[in-house]
Structure formats: C-alpha cells, structure tokens
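Trainee: Following the hints, position chain B against chain A.
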Amino acid sequence: MTGTEPRLVEVRRNLLKDNDLRARALRQRFRTAGVRVVSVVSSPGAGKTTLLAALLQNLTKQLRVAALVGDLATDNDARRLAASGAPTRQITTGTVCHLEARMIEQALEGWELAELDLLLIENVGNLVCPSAYDLGEDVRLVLAAVTEGEDKPLKYPTIFNTADLAVITKCDLAEAAGCDLDLLRHNIEAVRPGMPVRMVSARSGLGMAELQHAVAA
Amino acid sequence: MHELSLAMSLVEGVEAECAARGGLHVRAVHLEMGELSGVHEDALRFAYEMACQGTELEGSRLATTHTGGSGLQITALEVDP
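Chains as they are written, first to last, in the numbering used here: chain A, 1 to 217; chain B, 1001 to 1081.
Read the hints as simulated data drawn from the structure, not as lab findings. Heads up, some of the hints might be wrong.
[As the list claims (entries may be wrong)] Label pairs and their in silico Cβ distance ranges:
#  : chain 1 : residue 1 : chain 2 : residue 2 : range
1  : B       : His1040   : A       : Gly85     : 42 to 52 Å
2  : B       : Arg1061   : A       : Gly178    : 47 to 57 Å
3  : B       : Ala1016   : A       : Ala114    : 27 to 37 Å
4  : A       : Glu115    : B       : Gly1034   : 38 to 48 Å
5  : B       : Gly1059   : A       : Gly178    : 53 to 63 Å
6  : A       : Thr95     : B       : Ala1016   : 14 to 24 Å
7  : B       : Thr1064   : A       : Asp20     : 15 to 25 Å
8  : A       : His213    : B       : His1025   : 56 to 66 Å
9  : A       : Arg29     : B       : Glu1058   : 32 to 42 Å
10 : B       : His1066   : A       : Gly94     : 26 to 36 Å
11 : B       : His1025   : A       : Pro196    : 47 to 57 Å
12 : B       : His1040   : A       : Arg29     : 28 to 38 Å
13 : B       : Arg1027   : A       : Leu183    : 52 to 62 Å
14 : B       : Thr1064   : A       : His213    : 46 to 56 Å
[What the hints assert, rightly or not] These stretches of chain A come out as covered by chain B in the derived footprint (C-beta under 8 Å, 3 or more residues):
#  : stretch
15 : 4-18
16 : 90-101
[As the list claims (entries may be wrong)] Lysine to aspartate or glutamate pairs mimicking DMTMM-like chemistry, simulated, CA-CA at most 20 Å apart:
#  : chain 1 : residue 1 : chain 2 : residue 2
17 : A       : Lys17     : B       : Glu1017
18 : A       : Lys61     : A       : Asp117
19 : A       : Lys17     : B       : Glu1012
20 : A       : Lys61     : A       : Glu115
21 : A       : Lys17     : B       : Glu1032
22 : A       : Lys17     : B       : Glu1041
23 : A       : Lys61     : A       : Glu210
24 : A       : Lys17     : B       : Glu1003
25 : A       : Lys17     : A       : Asp134
26 : A       : Lys17     : A       : Glu105
27 : A       : Lys155    : A       : Asp180
28 : A       : Lys17     : B       : Glu1015
29 : A       : Lys17     : B       : Glu1035
30 : A       : Lys155    : A       : Glu189
31 : A       : Lys155    : A       : Asp182
The beta-carbon is built from N, C-alpha and C at its ideal position, and this holds for glycine as well.
So here's chain A without its partners, still in its complex pose (with noise of 0.2 Å):
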C-alpha cells in the first residue's frame, strides 16, 4: 500500500498578500511612466460611468488619458467612455465582485504607459469587496449618490476609509430625492474624520470643474 500513500510537498504561499505585492509592482509601474491613477469606487448606480464620462470630455483636451472599467458582464460602460475618445478597456470579471492588480495588469498589456498622463479606473459596483483590493492607484475616489440614503457611510465604513476623497453625486437631485446633505456630510466625517468631500452633478456641471482639477492635479 506505500505505493499509493500521497507524497507531502512543503510550500509557504501566502493568498492573501499576493494582491498586495501585485499592487506595488503596479504603482512602481505607473510612478516610472508618470501616469497618474485614479480609480472610482461606490455601489452600483451611484453615476460612476456618467461621472467619469463627464471628466473625460474635458481631460482628454489637456492631458493623454485612458480609462479601464469593471462590471460582471457588458462592456456598455466601456463604449459610453470610449465615447470621449479615450483609450478606453473594458475589464469583464465574471463573477468576480471587484477588480484586482492582476486583472489591472492583464488590461494594460499592450498599452504604452509612458504615453499617458492619467489613467482612470471604474471598479465594479460594490461597496465591500473593492476595499480589501489594491489596484496600485494614487488616488480613490469614493463615490455615495443623494438618491441612495445619508447613512451609507456609517454602513459601508471600510470602502470610506480605504478611499481618499469622497463625492457626492447627483446633487441637482438632492431636493427631490428628500437628501440631507448636512447629514450626509456629518456621516462621512464620522467614518472619516478629515475626509475631502465634492458635491458634484454631471449631469448640471455641479463642482465638476473643482473635481476635474482634483483628479488631474
């Protein structure tokens, strides 16, 4: 019967880092090129592609701009970005909730970073699973629409405390949707003591060239 005992090979490889080391490979990528990175998180519907198709119309005047986006399936997102004429990729995860490095470094395969100036990243609609994954950005951009309720802050505390800067969008609608921005605002600071906070709409130019400046600067 010794034949058939299974043979025990030793093997130290840690699941959870290897995001994180991917992640780091990709920043020291991106700081090389001098790319700037941002990418956007929020749940879905909160105006992540309308937002970030807003930003490119005018970005693509100034600087060399491209943009990745993440959903499970369609690459719908990706035509209405590549509408401003970015270089635009769509990245389909699947079944996967969120984007990780290594999709981020399949996407890029074959792009010229040296080329850009920006690169922009749409994550997949998903206030929890994106937090715990470094894509190698310089910045987040944390995205909680007026339509969706002032607590979502205090519900979802990890994505707000894993992003940089926090944008409340749809704010033309705040009036109608019944949102207290003050509260809203006041939950956002209690996750995150000191967070920057936007308001922004897309779609009546709202704060958008005060956001344009951040995310280019």
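Mentor: What follows is chain B alone, placed relative to chain A:
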C-alpha cells in the same frame, strides 16, 4: 466576502507550485487560515470546488488548519507518490 476570487488564486497558486516542480498530481491542499483573515471557511470550500472544476485540481481535497493572525497560506500539497 470574496471567497471565489481567493479560491481562484488558490488554484492558480497550486498550479504554479506544481508547474515549478515539474508537474504533480495533487490530492489535497493544506491551507492555513488566520483567525483574522476575514475568510469564511464554508464559503471558501464551496468556492474551491467550483474553482477546481476543469483544472488539474478537480476532485482534490482542501485540508484547513486554523491559526492566529490574518494570513491565508498554502503550507503543503499532498501529491501522488
């Protein structure tokens, strides 16, 4: 919360380890799970089976041990002699 992607990394990691050793047939994967890793074992087991489908690891067993800390680490592979 993202056990499926962890299971996929797990399968990829094992495949890489096997390839590096000239191809092995794996019967079981020993995995050390940190108490603070935030990984749900039942969900991971379920996802592991799915992630193994259609790979060399199909039908392999996941043997877990629990430790302190926040790691999730493959420690050993049981392979055909």
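Trainee: So, for every hint listed, does it hold in this structure?
Mentor: Hints, one by one, checked against the model:
1. B:His1040 to A:Gly85: 42 to 52 Å: holds, 44 Å
2. B:Arg1061 to A:Gly178: 47 to 57 Å: This hint holds: roughly 54 Å between Cβ atoms.
3. B:Ala1016 to A:Ala114: 27 to 37 Å: Since alanine 1016 of chain B and alanine 114 of chain A have Cβ atoms about 30 Å apart, the given range 27 to 37 Å holds.
4. A:Glu115 to B:Gly1034: 38 to 48 Å: Distance hint for glutamate 115 of chain A, glycine 1034 of chain B holds at roughly 42 Å.
5. B:Gly1059 to A:Gly178: 53 to 63 Å: holds, 55 Å
6. A:Thr95 to B:Ala1016: 14 to 24 Å: For threonine 95 of chain A and alanine 1016 of chain B the Cβ distance comes to about 22 Å; the hint holds.
7. B:Thr1064 to A:Asp20: 15 to 25 Å: holds, 22 Å
8. A:His213 to B:His1025: 56 to 66 Å: holds, 58 Å
9. A:Arg29 to B:Glu1058: 32 to 42 Å: holds, 35 Å
10. B:His1066 to A:Gly94: 26 to 36 Å: holds, 30 Å
11. B:His1025 to A:Pro196: 47 to 57 Å: holds, 54 Å
12. B:His1040 to A:Arg29: 28 to 38 Å: With Cβ atoms ~33 Å apart, the hint holds.
13. B:Arg1027 to A:Leu183: 52 to 62 Å: holds, 57 Å
14. B:Thr1064 to A:His213: 46 to 56 Å: Check passed, 50 Å falls within 46 to 56 Å.
15. 4-18: Check passed, 15 qualifying residues.
16. 90-101: Three-residue rule met by the stretch 90-101 of chain A, so holds; n is 5.
17. A:Lys17 to B:Glu1017: holds, 16 Å
18. A:Lys61 to A:Asp117: Holds, at about 12 Å.
19. A:Lys17 to B:Glu1012: Judged against 20 Å, a Cα distance of about 14 Å means the pair holds.
20. A:Lys61 to A:Glu115: Holds, at about 15 Å.
21. A:Lys17 to B:Glu1032: It holds: about 14 Å lies between the C-alpha atoms, which stays within 20 Å.
22. A:Lys17 to B:Glu1041: Holds. Lysine 17 of chain A to glutamate 1041 of chain B sits at ~18 Å (cutoff 20 Å).
23. A:Lys61 to A:Glu210: Answer holds: lysine 61 of chain A to glutamate 210 of chain A is near 16 Å, not above 20 Å.
24. A:Lys17 to B:Glu1003: holds, 15 Å
25. A:Lys17 to A:Asp134: holds, 11 Å
26. A:Lys17 to A:Glu105: holds, 16 Å
27. A:Lys155 to A:Asp180: Between lysine 155 of chain A and aspartate 180 of chain A the Cα gap is close to 17 Å, so the pair holds against 20 Å.
28. A:Lys17 to B:Glu1015: Judged against 20 Å, a Cα distance of about 17 Å means the pair holds.
29. A:Lys17 to B:Glu1035: holds, 16 Å
30. A:Lys155 to A:Glu189: holds, 13 Å
31. A:Lys155 to A:Asp182: Holds, at roughly 17 Å.
In summary, this structure violates none of the numbered hints.
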